[in-house]
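Add chain F to chain E, keeping to what the hints say.
Residue-level listing of the chains:
There are 2 protein chains.
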Amino acid sequence: MKWVYVEDIAAYKDKDVEVRGWVYNKRSSGKVRFILVRDGTGILQTTIFSADESHPLFGKFDELTQESSLVVRGRVREDKRAPGGFELTVQDIDILQIARDYPITPKEHTTPFLMEHRHLWLRSRKQHAVLQVRAEVIKAIRDFFDGRGFRLMDTPILTPSACEGTTTLFETKYFDQMAYLSQSGQLYNEATAAAFGKVYCFGPTFRAEKSKTRRHLIEFWMVEPEVAFATLDDAIDLGTDLILFIIERVLTDCRADLEELERDPKLLERITKPFPRMTYDEAVPQLQAKGSLMKYGDDLGAPEETLISELSPNPVCITHFPAKIKAFYMQPDATRPDLALGVDFMAPESYGEIIGGGQRIHDLELLEQRIREYNLPREAYEWYLDLRKYGSCPHAGFGMGVERTVSWMCGIKHIRETIPFPRLLYKIYP
Amino acid sequence: MKWVYVEDIAAYKDKDVEVRGWVYNKRSSGKVRFILVRDGTGILQTTIFSADESHPLFGKFDELTQESSLVVRGRVREDKRAPGGFELTVQDIDILQIARDYPITPKEHTTPFLMEHRHLWLRSRKQHAVLQVRAEVIKAIRDFFDGRGFRLMDTPILTPSACEGTTTLFETKYFDQMAYLSQSGQLYNEATAAAFGKVYCFGPTFRAEKSKTRRHLIEFWMVEPEVAFATLDDAIDLGTDLILFIIERVLTDCRADLEELERDPKLLERITKPFPRMTYDEAVPQLQAKGSLMKYGDDLGAPEETLISELSPNPVCITHFPAKIKAFYMQPDATRPDLALGVDFMAPESYGEIIGGGQRIHDLELLEQRIREYNLPREAYEWYLDLRKYGSCPHAGFGMGVERTVSWMCGIKHIRETIPFPRLLYKIYP
Chain E
10 MKWVYVEDIA
20 AYKDKDVEVR
30 GWVYNKRSSG
40 KVRFILVRDG
50 TGILQTTIFS
60 ADESHPLFGK
70 FDELTQESSL
80 VVRGRVREDK
90 RAPGGFELTV
100 QDIDILQIAR
110 DYPITPKEHT
120 TPFLMEHRHL
130 WLRSRKQHAV
140 LQVRAEVIKA
150 IRDFFDGRGF
160 RLMDTPILTP
170 SACEGTTTLF
180 ETKYFDQMAY
190 LSQSGQLYNE
200 ATAAAFGKVY
210 CFGPTFRAEK
220 SKTRRHLIEF
230 WMVEPEVAFA
240 TLDDAIDLGT
250 DLILFIIERV
260 LTDCRADLEE
270 LERDPKLLER
280 ITKPFPRMTY
290 DEAVPQLQAK
300 GSLMKYGDDL
310 GAPEETLISE
320 LSPNPVCITH
330 FPAKIKAFYM
340 QPDATRPDLA
350 LGVDFMAPES
360 YGEIIGGGQR
370 IHDLELLEQR
380 IREYNLPREA
390 YEWYLDLRKY
400 GSCPHAGFGM
410 GVERTVSWMC
420 GIKHIRETIP
430 FPRLLYKIYP
Chain F
10 MKWVYVEDIA
20 AYKDKDVEVR
30 GWVYNKRSSG
40 KVRFILVRDG
50 TGILQTTIFS
60 ADESHPLFGK
70 FDELTQESSL
80 VVRGRVREDK
90 RAPGGFELTV
100 QDIDILQIAR
110 DYPITPKEHT
120 TPFLMEHRHL
130 WLRSRKQHAV
140 LQVRAEVIKA
150 IRDFFDGRGF
160 RLMDTPILTP
170 SACEGTTTLF
180 ETKYFDQMAY
190 LSQSGQLYNE
200 ATAAAFGKVY
210 CFGPTFRAEK
220 SKTRRHLIEF
230 WMVEPEVAFA
240 TLDDAIDLGT
250 DLILFIIERV
260 LTDCRADLEE
270 LERDPKLLER
280 ITKPFPRMTY
290 DEAVPQLQAK
300 GSLMKYGDDL
310 GAPEETLISE
320 LSPNPVCITH
330 FPAKIKAFYM
340 QPDATRPDLA
350 LGVDFMAPES
360 YGEIIGGGQR
370 IHDLELLEQR
380 IREYNLPREA
390 YEWYLDLRKY
400 GSCPHAGFGM
410 GVERTVSWMC
420 GIKHIRETIP
430 FPRLLYKIYP
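Chains as they are written, first to last, in the numbering used here: chain E, 10 to 439; chain F, 10 to 439.
Next up, chain E with everything else stripped away, as it sits in the complex:
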């Protein structure tokens, strides 16, 4: 008998098939026994009918517990009353293993308990839906860039220099020297962009931040495109199109998951371009008027991100930050050199910054000056300076955090549920 997956079951109407999976739930009603079988791709109602209470399949039914593994064989029948519209009339069951006292029961559990059992919690419907959205968001991102002629160029995780200060870096011994876990592939992207024109890197990123917020992970995934000969405006256009592409995909391919998560699709459907733009100088007085305690020159914090997200149903682009609060490589504005040509995309509904980027310095002397001003070890940046010696050109790009994007798509407030095995402050198990 053919082994089929639940998500493909409609193609096997009135056929005999085999399903392999786990008991999600069971119940009995008179002469009928129902076993809900999940196989990872869906949940199928399987039914056993008999007038004979001593029927051997009834015995097996009684033995089965939540999450026991089994192989069920039977005929696929269309039935509008069944969840998904199909059910399986059971002919035969092989029990592979009986699960005793599965820790996650239908009752409420605390988050620390569920996080401690993350390896099992993944089987729950809501977690399953979130991570399916995650997989689709990642596929959408890759399809977006691949479809526009960007070349995937993986950047290294182990790097020799501490790019932006050592306080949030993980370090490890690398044979006879020290190495640091990458916080961004951007500097390397600038080299590959000069070789391939349009590139992106997409990998895990590490920040040893001692902050415990619902928006931070110690280990998270980030996609970073970089385009040679591009400007701040090009980066904003690219980020806008990327966000719209992801939303379109999620709305098309993840309808059932959004429903499982009780996420109102209208909040995503209403996103349209252009996204509102605002300079830092314009934003500060507005934020202060709405109660923010920030002063001019401060970076935007979580309270400000929330206030900005109340301004529009769309993401809001904040540009032209004070150069001092941004990275050393940011291109200054031509007429206001104290401002950096950077952009942060603030997601609506308080989901915070999901994209940060801008235009990079392409002038050798200015970059050398910045490296001195920021007290960076010049020898570690020789190769990066080379990019300004040999065919320098304006270029721009950004980084988008996958987990924040997924939490926005799913409408879940804590980022820890958007990655299979979250790494949090002091938390690295399982």
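Because the hints were derived from the structure by calculation, they are not lab data. Beta carbons are placed, not taken as given, at the ideal position from N, Cα and C, and that holds for glycine. One thing to keep in mind: the hints can contain errors.
[Stated by the list, open to error] Just so you have them, the derived chain E footprint on chain F, three or more residues with Cβ under 8 Å:
#, region
1, 47-57
2, 70-79
3, 91-101
4, 179-189
Quick look at chain F alone, frame taken from chain E:
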């Protein structure tokens, strides 16, 4: 004027366009000057005609050096004599930056010199071709799994336990404890496979091996599928289909790159399934007869991988290894429990092992016994043991190394050229 990429130039025949890029080469011939402009997506011949030797564009031509950045505007013309079949009749040139003394000249350079200038070497035609094949191989792998209903489930890089011995592990302080960089996502894959049925992870992997061979990288990318309810045979079928899918894609989409690399496509075209299979017990006497010094019970080394690859134009699958030389989680053969249900795919032409995998232990007691036998810290594996308590089932999967696969596809002997910024023994710059 519209900014277009060289790879799209054919769509702009007889139109005026702008190309942004770098001087790849230049030459003059009587009243004509040729500038080969590379923009990362291709190389375009641009031509300046004039009877007037003092034409300002001739002055700009004289100024330009290898790798100088520029913007060229002009009309696209079909010309069969031009490389690629199109050229640009130049109307205007903006020079952005003149590159002085670009270190990589058309003369021969030593490999250490080129590796030290990896950030620039990427612009060379051969390196460009290799990394385009890499991007296509990665896309093929993702399309293969996504198209077959596998869910991408990223596994963590920072892990709390040293899975297979600490000698080749990178360690880092993780707040109040130690963490290790992942050598494989497999154990975590087993948890996600029980939640999603068919999964894969795909990320960077780290081995602090003090070996300096042409087949090893310290940091490399690996794709690892895992399938619940699957056996060794299923894993072999999946690996076989994956390899054939990648080859098909490379042959279809990377023809020009293979040509640039002087790679004979026939060596890939001839690969067909089924791949030959051989047990370890069958392989050892054959290898010894061919001159291998290995003894029964030894693992296969590089010389054996080469000897095996001479047996067939196809990859060869070696199965049923002595359990003692394989990982603790390998399922033993039912009739010969001293043998493990593992498989190594050896690529042809001496490219070595590109896939390693097999069936995992699903019996709780046996796994507990192995954890004791291998002296592993049980508390770190509690979550992994849980997978055998709650709905255990046979399951199988494998890992495929991206860089080895790319080096095979490209026909290049040293793996260091198959990743943008290779990490090698003592070598972490740039």
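Results for each hint:
no.: 1; hint: 47-57; in the structure: holds (count 3)
no.: 2; hint: 70-79; in the structure: holds (count 3)
no.: 3; hint: 91-101; in the structure: violated (count 0)
no.: 4; hint: 179-189; in the structure: holds (count 9)
When the structure is compared with the earlier hints, a violation turns up for hint 3 alone.
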